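K.L.:
Chain residues, written in single-letter form:
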Amino acid sequence: MTQQISLPGSAMDDPGSEQLGLFLYQMQLLRRFEEKTGEMYTKGKIRGFLHLYTGQEACAVGALNALREQDQIVTHYRDHGHALARGVDANRIMAELFGRVDGLSGGRGGSMHLYDVSKGFLGGYAIVAAHLPLAVGLGLAARMQKEDRLALCIFGDGSVGEGEFHEALNLAALWDTPVIFFCENNLYGMGVRFAESLSTQIPKLAAAYNMPAVSINGMDVLEVYRETRKAVEHCSAGNGPYFIEAMTYRYRGHSMADPELYRLKDEIEQYRKRDAIEALKQHMMERGMLDQAGWEDVVRRVDKAVDDAVAFADASPEPGLDTLYGNLMAEPTDD
Amino acid sequence: MAAMTVIEAVRATLDEALGGDERVFLLGEDVEAGGVFRATEGLVAKYPGRVLDSPLAESSIIGLSIGAAHYGMRPVAEIQFADFIHAGFDQLCSEASRWSYRTRGDSWLPMVVRTPWGGGVHGGQHHSQSIEAYYAHMPGIKVVAPSFPADYRSLLKAAIADPNPVLFLEHKRTYRLVKQEMEGAPAEEVIGRARITRRGEDLTIFAYGLMLHESLAAAEQIAADGIDAMVVDLLTLNPLDRETILEAAKATGKVLIVHEDTLTGGLGGEIAAIIAEHAFEHLDAPIRRVAGPDIPPMPFHHTMESFFMPDRAKIAAAARDLAAY
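Heads up: the sequence lines are chains A and B, in that order. When the letters of the first sequence are read in order and numbered with my numbering, they come out as residues 1 to 335. When the letters of the second sequence are read in order and numbered with my numbering, they come out as residues 336 to 660.
It should be emphasised that the hints constitute simulated quantities derived from the structure, not laboratory data. Keep in mind that a hint or two might mislead.
Label-pair ranges, simulated between beta-carbon atoms [to be verified]:
1. A208/A / L581/B: 32 to 42 Å
2. E147/A / E555/B: 55 to 65 Å
3. F49/A / E555/B: 49 to 59 Å
Stretches of chain A that chain B covers, calculated by requiring three or more beta carbons in the stretch to come under 8 Å of a beta carbon on chain B [claimed, not checked]:
4. 101 to 111
5. 115 to 125
6. 166 to 174
Treat the numbers as computed from the prediction; the structure is a model and nothing was measured. Yeah, the Cβ is synthetic: ideal placement off N, Cα and C, and Gly gets one too.
Looking at chain B on its own, in the form it has when it is part of the complex (with noise of 0.2 Å):
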């Protein structure tokens, strides 16, 4: 198998799942045409009826979805841009993530909302956001943000197969900067699972989507002056690996958590509290997070904006002085 960009690994497994299960189709704004980032090229051709341009809706895309899930489809929803979701928030959050438990199990939703998320493209303050704290809060939801180009794969055609709804994240700025051989390559195939990407001993390192390349940068940086860091991928948002998130926390006592989202109600401070309930005694230091500022928008200019995104040298520098401790 070649090499694949995320794109491609997005791209292929909805092809895949067209191709496979009748009860798949996809609708969402342009995704006639491609879509903004070309995740649906070529596919409408393919599966004519079935490949669906929606108005924009985004509120109806996903109620929508709701409906034609509950009797038996299997819609795969996009929405443009992260940043246009919350328009069908109370969907997601309000009725989507409800079904199963209202209806106690007599009804469930098969669905999945894939959107683009977070910065580093220079899109300002509404083509840039990180969206996933407001949705992973919510219990009902699966969220999923894969960093890797055969995780993109595995879990997009996992999370087509989950009879819950998914919201599965697709970080935009490594659509085409990412490439993996996928040969061989580690692919998770259930949801619900961390990685640990990066075995180290001196500290742990947990990040998702392009942060976690940029831990996995900082990784190779300070083991340059002798620190050995673990990286996890989380590749899950909810529900987190607690399991994987305790054993990785304790195997080094040292913990920095990193994401692009805001810092104050922010993943990483749910992770930062799973780590302090139940593996204080194991800690040698207190938990480090490197996160977005808080401020509302991720500025547009480059300066300010590299300035709001974590990066491998900031993850670099936190990790010197948490190895320091």
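Only chain A is shown next, with the shape it has when bound in the complex (with noise of 0.2 Å):
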């Protein structure tokens, strides 16, 4: 099972082996679990509107593992790696998919709309840029309260032009929120190449609206978590809010249903050389901190933590109706 972890020292600070480990495993736990998702869905097991991750691990990897305990954090409909990366349940996250009883919300929310409060996670969002401004609420609230917790705010590269990314921007910076943007820049809305639909540039855009913003590579694991430390140091020191584009790839579709017509093949087999987790696998291999042995092992646990999770999901009853109209408003209390 994944576990959160506590980081101390500065944003310089290398992670050493014991956390590239901690990064491998990550990695390729969101990989096989997003790929035994597809299968489940092929399988009937999981219905309706299912978007796979895969391909953009070191994105969550990184950017999840650079957060600390108290920080907050809400994502798009994408959210299945957001979740494990920042030590959701896997299981739990399993049930929600498959729409049982101990899911995350026992069945309410399904994929796109996974939550762990007591995790700081705040939830897969599937109207496009629609948290955005959530978060600069979360950091508003955090700053009205002198507390240091910030908002990690994930989005896709499609957000870009909706009025609410543009919106959260600029009053995020002109009230000095602690909220880093992350866009996934996995280069496609659906099927419209970003390009096609964003006159200029992304990071040129948070920059407009006065706040420090890089393009990275999403691809590397090291690299996005380096980069999100800096934001949360930024952030943690009172410097208002931090942007970063993270240039990644899905190897998938868009959805389970999308037929894929907009790309070649060629260009999935580029991407797939690039691959984050091959990528961290042979770092660390060179140093001598993997061995193949060790990577059988990842292998193998992770393996047994997706299957543990499928199991888990599938004993777990379906929710009965009579939960319905539970928590519809909340209960008026002394507080």
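Assembly of the complex is requested from the two constituent chains, each provided in isolation within its own frame, with the hints serving as guidance.
P.N.:
If you want it as structure tokens, here you go:
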């Protein structure tokens, strides 16, 4: 099972072998979890709309591990990887995808609406860019409460065309709120290349709202981790928001229903050659931090965790219709 | 206690809420200067850092409130005119309304969105709208629309204390028009309850906001003809107080529903359906509605605006017809 780690030291500290081992384990977990998820979809265990994260693992693992326990996360609908990297229970995630009682929201949310308040994981949002203002609100609350807590707001390149993207960036900078805007640019908003729907470059937009804005290699978990650590330090020091564009790539279609007519198989193969898991594996092997037996152990542990998650989900009962009306409204308290 | 106008009641309640709870803060367009209708006048000086001028970004005003409310703050957002709120429709309806539901009560949103609504001020198409039906349709959001200053005071207080998102509608025509002696005035403290404001035996009129006042005036007019109308102030539009609605409908057997919102898909249809489903045998006449015509905007010209708005004369005429049925 994944676990959240707490990281002392500054952004410039390079992660040691233990931490790299965790990154490797988590990335493999995210990969295998999604492969299994796709399989369960074709078996009819998972219904509805399913968006797989395969290929983008370095973004979630690098960014989420740079956070602290008190930090909050809001993200988009391709959210399984973010939840896993935050240490949300894989069993309960899979159960939610199955729509079962033990799922994170007991079958109310499904794939796109995972949440775990106890982990500061405030959800996947399937209205593109709608969660950006929420993140600024989370940051504003932290600022008003004088608490060192930031919001990591993860969204895709498709969000940039939405008005709320611009409203949220402006407000975050204007009110000095501790928000890390983390754009996973996987090149496509469904089937449209982002360059065909944007007249400029994404970091230029962010910089125009007066915040540090960088574009990084989102296929390199170390680069993502280091840059997000910098962003955490920036926000934590009261310097307002920070913007990261992580260039990445999804190996699978937009959703399971996507026939992928907009790109060539060659393009996918090119990106697979830059695979984040392979890169970290090599990096570690070259430095004597990992050998073949160690790698096989990672694979074995991940396979077991994913198989366990499926077994857990499968054993969990379907929700009773008597739960349908619960928590429609919060009950007034004396608080 | 002295008499208060609606706007004074709103301001006094905001002042009290800011003074009584450090988690409460106001945000919206121009709120530091007091806002277009002066609802927040003087508050920034008294509570610096807790009355925040926002950019013109309605969606984010509401979205920020969600984020802040989740983390223990109690935002009271102002949307300058109800006509502008639709830019934030998604935040209220797709996000705020289901927060408690999707988290199964692990988190909740004690947030209020206040906004001035309604016509009769020559505001034309983008400053006169009745927006309540769109939002009252959404489970998970409470929609409150009082009529009298004492209820504005008690229900805005209740809205700020409520752990759920509340859309608090303030009829802009009544801000300074309606004044009430607060001492001893009935003040509903619970969101979700309607009030029988005037007892009567011949027919029942349901209304809210400015139309409640017009309905009361109409009831006095027809009383001169010997027609005794009951008038119900709905106060909360979501959830509707079905119990009081049915009690009041059964009491007279004749129902007239009044709103200035356009007829089709307006709340009148929902109220009529509740009565038709649950009090059919008590009815002595078809349910009548007096509402705005199905024209997209309220026109600017004063004669056309008057034609659009229901008023005491139109309500009285419909009531006489209904009483004679």
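K.L.:
Hint by hint, say whether it matches the structure.
P.N.:
Against the structure, the hints:
no. : hint                        : in the structure
1   : A208/A / L581/B: 32 to 42 Å : 57 Å, violated
2   : E147/A / E555/B: 55 to 65 Å : 57 Å, holds
3   : F49/A / E555/B: 49 to 59 Å  : 58 Å, holds
4   : 101 to 111                  : holds (count 4)
5   : 115 to 125                  : holds (count 6)
6   : 166 to 174                  : holds (count 5)
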